[in-house]
Amino acid sequence: MMPATPSTFRRWQARLFSTPLQGAITLVILAALTVAAVPLIRWALINATWQGTTRADCVPGGACWVFVKARFLQFMVGFYPEAERWRAGLWALLAALALIALIKAPAKHRGSVALGVVVLLPSLGIWLLAGGYGLKPVETRDWGGLMLTMFISIHAAFIAIPLGILLALGRQSKLPVIRLISILFIEFWRGVPIIAVIFLASLLLPLIMPSGVGVDRLARAIIGLGLVIAAYMAEAVRGGLQALPSGQAEAATALGLGYWRATRLIILPQALRISLPAMTNEFIALIKNTTLVLVVSILDLLGVAQASIADPNWVGMSMEAFAFSGALYWLICFAISRWSLATEASLARATER
Amino acid sequence: MKKTTLTLLALAGMAAAPAMAQTLAPSPTLDAIKARGSLECGVHLGLPGFSFANDKGEWTGLDVDYCKALAAAILGDANKVKFTPTSVQQRWPILQSGQVDLLSRNTTITFSRNASLGINFQGINFYEGQTFIVRKSANVKAAKDLDGASVCVAAGSTEEKNAADWFRERSMKVTITNFQKNDDAIAAYDAGRCDAYTAGIGALAGQRAKLKVPGDHIILAEPISNDPQGPVTRYGDERYQAVVRWVLNGMIAAEALGVTSKNVDDMKANSKNAEVRRLLGAEGNFGAMLGLSNDWMYNAIKQVGNYAESYDRTVGKDSALKIERGQNQLWTKGGLLFTPPFQ
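Sequences listed follow chains B and F, in order.
Using the numbering used here, you'd call the opening residue of the first sequence number 1 and step up by one each time.
Using the numbering used here, you'd call the opening residue of the second sequence number 1001 and step up by one each time.
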């Protein structure tokens, strides 16, 4: 597309150089982008090494993606035993199908699909990954990589979203005891740093629990994360509840609907629609917060990256390891925010109708 | 009458001693390890040569090898060990709360840690210390030859302070050039802006491998600081602590006595050296005295190797790090590694 048609040219000119000041700003931004992007592209793509199997194949001056290639499965599933890796793959497929079902389900059935996913995915998934009942047991300490990051995110969200909705409703409740408990819970978990919660769950709990009674370290971390995010989710949902005109609840009551039916049919669908962007924010924050589990010996995507750069046969690969894992995190979070935007748009269309 | 009873009791005691069992001190940790069928070992999350996951996802390294040897001694199988990677903040609580049986993770032995954290250090498996990396062409053999040289360091680091103090104490004229970060300092050294760069031996070995031509540089063997490292257990359970201590001693003794993973069978069958025979369980019942099987050290050496084999493979001449033995050489060869006798 070298010779731009005059109209295209003029359109861009109008957008970028309509006034001298705007033109100057455009030029400055372009220059800054070039300064930042050119060395990056040169390092990551032009001077990069793609072919080979060992560090000796790496050409100095650029990224050595051979390292990521050699360690790719470790980045994906951690130290999951080689013979059992198909289970991790199957789990990923299962999780993806569940999420697609959740997104594509017609609004009428979305509730029951969600319930099914929340019940089936954890039970099937944990059986698949942990083993037992016919499958070879794999300890959670061997789980890792992207699989573990997604596992923690999904299950912490399964705790956080329902609990958060209940807490938000509890905070609006007319019953003082329920309201008080909800407020105390939310304020407590919102006030504690996540890293402290994970640390306490992983280190203090075993000290105070009788020896022999052990809850898996991963489960403790997920529950800890889930409880903190639930408090944030509750505040996101509360925003939606408060934005709803009180006439909605009153009208529902006037129609003879009880509290639960009114909440389920009238209040929540509208409130959740309003709080969807805020809830997506919390979920993206959750995904990034999962990296904190590194401090308690759980090797998620970032942990695997850190452990793998210590291999003396692959010294000096930290840029590659962190660039690759960073790109994966970005891809996931970007995909979620796009999905959220699309959902908002389709919900908005539904309201207009 | 009373005297006879006592004599009889004493006789009975002497008879029972070799048969052990009754005379063993209780060891809940050893019992738990045996019941579990695996040793729980806390290692570093990733330290080149000492503990890291290789391409196949297996834990490897000098500190890892020690845990494998301990598992072989207690359970007869070097693979019956499970590794928990631990962060700096988490290492003490995870040991104190009993989630691991020991730490083998590049931790400096100090008085205050021993006295205040409820932990014991069970020997030294690596003499770490701050030293210098220099170009081979500079013809520097030890830190005292650095008079008039320039050293690149990261500003405000412990290494900067140590080096400055050390040179001042000896009234040596050394130019210390400060950089923002360690990476900048080593890059400047590589670019030829300084004659030396300083850090711990293990860290320097990792850094050297990243230089443009690693072979052009040597790490001075004699350190200017003292940071010995070794396996750590919590207070209590003396018999288990003795096992941890003597498996490390046994690996060092095996090197001193010339026992390797290759010749261990031959040595067990044919050696005339009484200490070798006791170490390998061909004579006496040393394993049984600790409540282990008599071939405890035989298993450890056969499956993991003696100290030298482990060192060379993980951090020494056969590894990518190529750290000289230096202080981590036997006392008979000019190093500091020493073990009390197996008597």
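Please keep in mind that the hints were generated in silico from the structure rather than gathered at the bench.
The beta-carbon is built from N, C-alpha and C at its ideal position, and this holds for glycine as well.
A few of these clues could be false.
Claimed, not checked - Chain F residues, not near chain B, derived (Cβ > 12 Å throughout): (1) V1043; (2) N1294; (3) E1309.
To be verified - No more than 25 Å apart at the CA atoms, straight line, and that leaves these computed lysine-lysine pairs for PhoX-like: (4) F/K1161 <-> B/K136; (5) F/K1210 <-> B/K136; (6) B/K69 <-> F/K1181; (7) F/K1056 <-> B/K69; (8) F/K1161 <-> F/K1144; (9) B/K69 <-> F/K1161; (10) B/K136 <-> F/K1056.
Taking the hints in turn, this is what the structure says about them:
no. : hint                : result
1   : V1043               : violated, 10 Å
2   : N1294               : holds, 31 Å
3   : E1309               : holds, 17 Å
4   : F/K1161 <-> B/K136  : violated, 54 Å
5   : F/K1210 <-> B/K136  : violated, 41 Å
6   : B/K69 <-> F/K1181   : violated, 30 Å
7   : F/K1056 <-> B/K69   : holds, 13 Å
8   : F/K1161 <-> F/K1144 : holds, 17 Å
9   : B/K69 <-> F/K1161   : violated, 41 Å
10  : B/K136 <-> F/K1056  : holds, 19 Å
Going through the hint list in order, the structure does not satisfy hints 1, 4, 5, 6, 9.
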